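A.B. asks: Given these sequences and hints, build the entire structure.
Now for the letters of each chain:
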Amino acid sequence: SQQGEEDPQALSIQEGENATMNCSYKTSINNLQWYRQNSGRGLVHLILIRSNEREKHSGRLRVTLDTSKKSSSLLITASRAADTASYFCATVPRGKLIFGQGTELSVKP
Amino acid sequence: DTEVTQTPKHLVMGMTNKKSLKCEQHMGHRAMYWYKQKAKKPPELMFVYSYEKLSINESVPSRFSPECPNSSLLNLHLHALQPEDSALYLCASSQPLLAQETQYFGPGTRLLVL
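As given, the protein sequences belong to chains A and B, one line each in that order. Counting from 256, one number per residue, gives the positions in the first sequence under the numbering used here. Counting from 6, one number per residue, gives the positions in the second sequence under the numbering used here.
For the record, the hints were derived by calculation from the structure and aren't laboratory data. Note that the coordinates shown come from a computational prediction; the quantities given were computed from them, not determined experimentally. The beta-carbon is built from N, C-alpha and C at its ideal position, and this holds for glycine as well. No false leads were slipped in.
The calculated lysine-lysine pairs, modelled on PhoX-like cross-linking and capped at a C-alpha distance of 25 Å, are:
id : chain 1 : residue 1 : chain 2 : residue 2
1  : A       : K281      : B       : K43
2  : B       : K58       : A       : K351
3  : A       : K351      : B       : K46
4  : A       : K281      : B       : K45
5  : A       : K351      : B       : K27
6  : A       : K281      : A       : K324
7  : B       : K27       : B       : K46
8  : B       : K41       : A       : K351
9  : B       : K14       : B       : K43
10 : B       : K43       : B       : K24
11 : B       : K14       : B       : K45
Incomplete in silico selection of chain A near chain B, CB under 8 Å:
id : residue
12 : Q288
13 : R296
14 : G297
15 : H300
16 : F343
17 : L352
18 : G355
19 : Q356
C.D. replies: What follows is the structure in structure tokens.
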């Protein structure tokens, strides 16, 4: 199975609300990355958190990492309709970027 | 320039056709990747080139043939594909170090095999 599993699979919220997505992984990591994909297009890198970091911020994004639980979360604050996309966590076991199943986020205006 | 370009954007081909997908980057990255993505699934790694040499082949069928002519270009040659090969094909690049760093993705080529 995939290295990363995410939940929820789908999330629908209103503009202005916060969105939280969770990712679990199986093996030890050097870093964990989050990517966004708009409707069948290329992926855009959002944030990278290293294994010795617990929390990282980038604009409206906040990522946490708990290596003891092998889990990470992505929080998008004050969501906008433009945040509607699929969000994937990714780890690098054995030198290959492996993606989780993804969360489909829908932000309604 | 932080862009990875891919051509064509869409491709329809028959099972007997030969076609090629092209990818280009000018960020000086020496690692380039091909991924395949089916609808509502995550991208799956197909090939990795590091310093223009094929370093990872994820047991991809031989009807897919990658080529890295130089450090900026990556091709994927397609021959005798099957309908189940229909998917979004994504190219990415990064600094080498075995994908530990951020990967930059192109917009993809949406392939339909009839």
